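Novice: Start from the sequences and build out the full structure, keeping to the hints where you can.
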Amino acid sequence: MTRISRMLRGAALAAGTLALGAALLAGSGPATPARAAGKHKIFLSMSFIGNDWQAEAANMVKAMALHKSLADKVDLQVQVAGPNAQRQIQQINAMVQAGAEAIVVFPISPTALNQVVKNACDKGVLVFAYDAEITEPCAYNVHIDQTEAGRVTAEWLAKKLNGKGNIVVVTGVPGTSVDNLRTAAAKEVFAKYPDIHVVGEAVGMWSQAVARTELSKILATRTWDDIDGLWMQVGCYTANAMQLEAGKKPEQLLPCAGEGANGGRIQMLPVGTEVEGASSPYAPLGAPRISYASPPYSGALALKLAVQKLEGKDVPKKVILPLPIVTNDTVKLCDQGTWEEMKNGCNAFKPSIVPNPGWFASIFSEQTPEIGLNAALVGQPEL
Amino acid sequence: MSALSGNGARMTALARLGRSLNRSRGLVIAMLAFAALFLVVDLISQGPLSYFDVSFLSSGGATLAIAAVGETLVILSGGFDLSAAAVISLVNVVLASNMDMTDMNASVPLWTAAGIGVGALAGAFNGFFIAFLRLQPIVVTLSSMFILQGVTLLVMDKPGGFVSPSLGSAYLGDAIPGVLPMPLVLLGVLGLLWLWLKKSRFGTALYAVGSDPESAASTGLRVDWVRFAVYVLAGGLYGLAGVFISAQTGSGDPLVGNPMLLSIFAAVVVGGTRLGGGRGGPLGSMFGAYILMIVVNILLVLNVSAYYSTIAEGTILVLAVLGASVSRDSVLARQLRAAGRRLGAARRGQLPGQLGGGDRRLKLALPARRRATTAVGFGQRHAETLRFALPAYLCFLGVVLVTEIWLGHAVGNWTYWNSLLVLSCFLAILALGQGTVILTGGLDLSVPWTIGLCGILLAGLVKGSDVALLYALPAVLLVAVLVGLVNGLGIVVLGLSPIVMTLAMNGILQGLALIYSGGTPDGFSSPLLRWFMTAKLVGITPVVFFVAAFVVFAVLLLGRTAFGRRVYGIGNGQRVARLSGVNVDWTLVGVYVLSALCSCLVGVLLTGFSGQASLGMGDDYLLPSIAVVVVGGALITGGRGHYLGMLGGVLLLTALQTLLAGTTLPYATRAILFGLVVLGAVIALRERRAG
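In order, the protein sequence lines correspond to chains R and D. If you read the first sequence in the UniProt record's numbering, its first letter stands for residue 1, the second for the next number, and so on. If you read the second sequence in the UniProt record's numbering, its first letter stands for residue 1, the second for the next number, and so on.
These are computed hints drawn from the structure, not numbers from a lab. A hint or two may mislead.
[To be verified] In silico BS3-like cross-links for lysine-lysine, where the CA-CA straight-line distance does not exceed 30 angstroms:
id : chain 1 : residue 1 : chain 2 : residue 2
1  : D       : K463      : R       : K332
2  : R       : K249      : D       : K536
3  : R       : K248      : D       : K536
4  : D       : K463      : R       : K248
5  : R       : K68       : R       : K313
6  : D       : K463      : R       : K249
If you're wondering where the values come from, they're calculated on a predicted model, not measured in any experiment.
Specialist: Structure, rendered in structure tokens:
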């Protein structure tokens, strides 16, 4: 008998601790805002937050919600699902139950969410997917054309090499649609040039750090002299840094088709350009590059479109964003990074303002005058 | 008279109830914790929970719950299965790529059987190597995880395919509309099956094998067949989980299951099953799975900021498990009592240290002189170590030879060796930390974000200045000591299982890294640190010298110091170690501090290597850090292993990755090859029949 009562006491204690924990948690997060009258309840369901792109995209969505044009219309709640599609399914369900009017989502899987998204649509909830796609027809999608991204960059590289040479390919996360479409399109281009040989292929996981270890592995059995060009989804900045470490001069850097990291953009500026805060390898090198990206503003744009739709405007089901392409001819340093300034064509940011070279610089869109550099950096909208 | 005996009968009935409740305490607490969380959700959400909420909740957690049931069986039998999540992905793509797009009414039993069949086949693969070749479960399933991931990508290289809606309506619909959703029925059936299985001979055998395989064998149980059957059964359950997720998503995605791996283990542990076998049960794991899933809802309702969500999850995990262990017999209670007694003794002046400093050692008559012993040769003295360490080196040499033949520029090329050593340095350092933890029978899952947080802190403090490195380096190492202390104290004082404590810690550290960096880590490594990792001194990168010194340090630490001997002692038997006068608690804390320091050092070196720190920079190091330790001949349950063996494992894995990166093989093939080589390496480690 005493044992039972002990058990019950233990259980009560357990329940108590949990409740206490919950209470503590409630204290640690911002308090649940009372639902203001007339505000649209919108949720953001993110994926894994532990990488630069995701964090930047989240900042831009938050900034968009804070902009004066939306601040009194939108009650935005941000949630992270982690890398697990199961949890995102559960999260979207919970958002529907919590009375969401619209859900902006970075889909972990383009297909796994179909059922739950359909469910949400059936209940009258708008679902906007950004960056990656949701194939369920009732969802709204905002992203770039990944096939075009692969094709354009591969063509640039082939032309740069005059259709001849050994190249190394560094892909993204295997098994994802985005990686698949980009890589397949690029390989299709390379196949058209019989004198272009892919001599090494590595899985880069869309990370500068992984690109560095994978390139090091490839270079264990080769030298830079065996390689004429690089096609990387992420990692050109790192590849250039590694070539400098290996003793190459800036004018000897190999052409590299790759991501839109700010470090890479700064490296594209002609040698000798005055750039505040630059220090090698995060410095102007005149590196031959084409720089493209899945722009991190897509989530913010999705939010804006969701609000427009909620207000009764017509919004297309599929918004294909223009592919942000920057080459050595078009790269231009920004001074402050306001939206106005970017509209006039600048697309690289000073290291003194953006100390992280892996930070994604493709943040400009004609359609989002609400957000500029400050939005991406600290989640503050333009005035 | 009759009244008295009736009373006695009631007493024994109550006592029996109490006993059985106590035996299934894990289950009961998991149920209560779930109920408490459910109530929290109910109380703080707007309006009462409707049938739809319950239905959504039940389908949301079902995949995890089913998979956790399978994993529980394996763990009850004393095993470990890392391939669970990979099987789920495989079954998902097999179904999605083979179902006919036009057939809206595909047969549910047929495709369910197909899914379970695929899973059971994968389980049979694991079971064969584990049961009949007596390989360590963790390595076999790690290899099969890579192989299965490769096969999955061969079946389907990107999301797509089609799963008939008939499956969806069968598994996600209502058993009784408005009252009982189908997933709950499915789990109920599984629960009943388990209760039947538990009562059967197989169930008894399962617990017996998990508790003590040798006793089980000597009572006449066919331990190998029981083990084999467990893996097949578990595989079938992962298969069923794969069928369920296919029904739920209506399509295929080759990556859908993979991130569930750690959640599956967390669900099992939260559900009250003890790692190492013999205690717990699948019913608790089901509740464990739902506890983990309902946390998503709680975070949503409370509107916990995204940066804090991993911290909150970690805290809830710890609290749930802690709640389950609150009792008179819990470690925490024992520690408190012991502390109380020590305090009392100190007040009475009875502590050993207070009793005067006389020599109270037993007088042992020493032999007048050492008897001349026949000199034991080096080979004989180290036969055991050599046997377990050599296979890794032999495989390593094999891989180097293949590299030379396939790619050229290897054996005679100093650049190759230099790159290999530089790339090995991260795992070589992690192997000491993780290896020492494994030697004590634990596991450190907080490696990834200890690396990440240290790297980000260092880059943020250093900001490219060599002078700043002088204080930044000690500062981040101090942070690591703190992380290790918290890990160790959680395990020793609170009695949490190492997996739970370090998994929770990993989440908390991730949150801290996010909060510190605001999502974009700034700063970069100093020139000196970059030089250390990337420059060449007469063709050798400076870090190679450091690694050489580190290896000597590690070998001496584990082989020649009292600390090292205590570590082995604890791994071979905690109670024996305690009775032999080893301060088990402080040694364990020290082990986790060591592991955190090693991870932190790797974070620092990685920052130097990459020039900057990034979020998630440590993610790729968790499984390899475990793999190298085990491939190097260490026993995952502790007590056996040599650092030089682990180093062999590091070299093997790094050389293999270098070889595969130099080829243009597709990723799927690489994953399969990687798995096969690791498996091949451990077949050489095979234990001869217990003797």
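Novice: Is K68/R close enough to K313/R, meaning Cα to Cα at most 30 angstroms?
Specialist: 19 angstroms, holds
Novice: For the pair supplied as a hint, K249/R and K536/D, is the alpha-carbon distance within the 30 angstroms limit?
Specialist: 17 angstroms, holds
Novice: Would the pair K463/D and K332/R pass a check requiring their Cα atoms to be no farther apart than 30 angstroms?
Specialist: 25 angstroms, holds
Novice: Could you grab the alpha-carbon distance between K463/D and K248/R and see if it respects the 30 angstroms cut-off?
Specialist: 25 angstroms, holds
Novice: Quickly compare the C-alpha distance for K463/D and K249/R to 30 angstroms and report which way the hint goes.
Specialist: 25 angstroms, holds
Novice: Hint check: K248/R vs K536/D, CA-CA at most 30 angstroms. Holds or violated?
Specialist: Answer holds: K248/R to K536/D is near 14 angstroms, not above 30 angstroms.
Checked against the numbered hints given earlier, the structure satisfies every one of them.
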